[in-house]
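**Q** Which chain is which? The protein sequence lines are U and R, in order.
Residue numbers for the first sequence follow my numbering, beginning at 282 and rising by one.
Residue numbers for the second sequence follow my numbering, beginning at 6 and rising by one.
For the record, the hints were derived by calculation from the structure and aren't laboratory data.
Please note: incorrect hints may appear among the correct ones.
[As the list claims (entries may be wrong)] In silico DSS-like pairs for lysine-lysine, Cα to Cα no more than 25 Å straight-line:
(1) R/Lys43 - U/Lys383
(2) U/Lys383 - R/Lys170
(3) U/Lys383 - U/Lys322
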Amino acid sequence: MKYAMLILLTLLLCDGAARALDANGQLEDPALEARYEDITKQLRCLVCQNESIADSNVQLAEDLRRQVREMLLAHQSDAAIFDFMTARYGEFVRFNTPLETKTLWIWGSPFVLLLVGAVIVVRVARARSRMPIDDDSSPPSAEAPPGSASGSR
Amino acid sequence: MWKFLLPIAAFLGLVVLFVFGLNPNRDIRALPSPLIGKPAPAFNLTDVLDPSRSVNNTALQGQVYVFNAWGTWCVACREEQEALLQIAQQRVVPIIGLDFNDDRNKAQRWLKQLGNPYTAVAFDPEERTAIDWGIYGAPETFLVDGKGRIIFKFISPLTLEVWQKEFLPRIEAARRSGA
């Protein structure tokens with residue numbers, strides 16, 4: 282009886298481990314599967330550098346997906362998984378650049394350019410507003426000969 | 006005044022950008038490794054020629070060695086083999102191989118046919134050690150110093166020229182500094 286229980290328990294445990302993945306190779310837990318898909322889409326496949334490891338078919342992408350899956354099943358955080366990847370492959374492995382001091386210029390440059398553009402627009406607008414409004418201030422007069430400058434605008 | 010200087014400055018900026026960005030000699034697929042200067046990731050694998058023997062980096066502690074990642078599926082590795090054999094004959098440092106994502110029989114046949122430049126070859130069929138070392142292709146060659154730190158990484162097939170220019174001076178420097 283003791284042995285039967287032990288065998289039953291072993292079977293149950295084995296079953297539990299095997300069933301972390303379902304028939305389609307997806308993680309059984311839908312929350313984990315969602316995180317898995319999100320993370321693998323954000324990691325660059327370094328062999329075909331414009332593809333994510335979620336999209337790529339090369340062996341490295343497959344092995345990195347396995348790594349992500351294993352870390353998720355070991356209850357690791359998203360940050361820990363990204364850290365694992367950047368420690369080995371560098372920042373380039375991430376499609377989404379994290380906001381840090383050294384990446385500040387990447388995140389900040391659009392705003393700097395926007396500011397430069399705004400300054401230019403304001404200066405041009407001010408310069409124009411200072412110009413005399415001469416064109417259409419004088420209404421076309423009846424005496425003007427046909428084809429003269431006053432009627433051309 | 007600055008109305009004239011601005012276009013010139015912008016032009017010079019573009020020239021600098023193009024010289025670096027469009028340089029045909031730059032391998033855009035070669036990525037800088039974040040592991041340079043860091044301790045080499047620990048590994049303990051079986052020897053590709055003899056599954057009962059282990060290959061690990063604790064046994065290599067205290068000596069400068071070369072760590073060369075390859076596989077029988079890698080065409081460029083075949084190209085590299087000749088240079089590796091010549092480098093091995095110089096007997097400067099041990100060359101440790103990492104055969105990853107591979108089949109043991111195929112790897113054994115490869116070493117028999119092309120010659121074996123390696124002191125030992127670690128067998129990594131699941132690519133776990135390769136991932137730890139940030140390897141994303143083959144061949145990739147690392148240089149590890151006596152303190153167990155990675156001091157250099159070279160991506161693409163090794164040549165004698167690269168060996169003389171990039172590896173030998175670093176090996177000497179590492180030995181001189183006692184590392």
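**Q** For the pair supplied as a hint, R/Lys43 and U/Lys383, confirm whether the alpha-carbon distance does not exceed 25 Å.
**A** holds (20 Å)
**Q** What's the verdict on U/Lys383 and U/Lys322, does the C-alpha distance respect the 25 Å limit or exceed it?
**A** Holds - the C-alpha atoms of U/Lys322 and U/Lys383 are around 24 Å apart, at most 25 Å.
**Q** Given the proposed pairing of U/Lys383 with R/Lys170, does the C-alpha separation stay at or below 25 Å?
**A** Cα-Cα ~32 Å, so violated.
Hint check: a violation occurs at hint 2 only; the rest are consistent with the structure.
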